[in-house]
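*Asks:* Sequence:
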Amino acid sequence: MGDTTVTKPEGRESALPQPVTAESGPGSPRRPRTPRRPRFWFEILLIAVSYWTYSLIRNAVPEQKTEALRNADWIWKAEHHLGIAVEESVNHAVNTVTWLIIGMNYYYATLHFVVTLGVLVWLFRWHPGRYAATRLVLFATTAVALVGYYLYPLAPPRLMNGGNFIDTVMVHQTWGSMASGDLKHMSNQYAAMPSMHIGWSLWCGLTIFALASVPWARVLGLLYPALTLVVIVATANHFWLDAVGGLLCLAFGFTVARLWYGTQPYALPRLVPARP
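First residue of the sequence shown? That's 764 in the working numbering, and the numbers climb one at a time after it.
Hints in this document: simulated from the structure, not taken from any laboratory.
Fair warning: there could be bad hints in the mix.
To be verified - Simulated restraints, written as ranges between beta carbons of each label pair:
# : residue 1 : residue 2 : range
1 : Ile820    : Val977    : 37 to 43 Å
2 : Gly881    : Thr1026   : 23 to 29 Å
3 : Lys828    : Arg802    : 40 to 46 Å
4 : Lys840    : Phe803    : 45 to 51 Å
Note that the structure is predicted; figures quoted are calculated from it, not measured.
Backbone N, C-alpha and C fix where the C-beta goes; we use that ideal spot for every residue, glycine too.
Please build the complete structure, drawing on both the sequences and the hints.
*Replies:* Pasting the structure below:
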């Protein structure tokens, strides 16, 4: 049984795209690309190299402290003007509940990676026909975020000049942020815009909601990015508007995937079409 074996689909997956056999002429429209079965070893290597490259580029962006602090002041004033500057209140309120804020510190440090990798594995195993396109959304989202880090350095609320925010990792001596404590020299502290905690969690949540077959999993998919939004604000790692930046990056990722495959990733067949 080769890697092109396809079981008979049911329901909405009954109409698999037919393989293209005709050559496209100079004037003919470009046909959408047909998904291929992902190879495990290649995906492991690709994810490892991609994350290493992302970390290297993100941390190589000059830490323009003066500009980052100035941008943070502008964001804070803009949120006050919009009436949404409640980050400080949320930060102080949650910090009074020790077990809750410590849990949020660990949430911030771990689930960002654990859940994202878990969704990738789930897609690889159960939705191979949609895997490559959905993975492309994630990669394009992350790539455009690097542009944001370079063009718009931004200090997180906890590092603002004259701010009254609490750095919850420092106060509670927990491992919850690569930009605090002994780990602060390993990460660019002024790369808060856009928030990839929001970009990645929204990618996870939408993927689970669109493809999960059980209702409770779909509900959890929607709750995950919502809870992540509360966590990034409560721990003073991001402003609300950083989350908007993450959302815009994700929209860019979906646009890239749609242009590449001719449809949204979730509309592709679950199984990989057989080769001619």
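*Asks:* Against this structure, judge whether each hint is valid.
*Replies:* Comparing the hints with the structure gives:
1. Ile820 x Val977: 37 to 43 Å: 38 Å, holds
2. Gly881 x Thr1026: 23 to 29 Å: 25 Å, holds
3. Lys828 x Arg802: 40 to 46 Å: 44 Å, holds
4. Lys840 x Phe803: 45 to 51 Å: Check passed, 49 Å falls within 45 to 51 Å.
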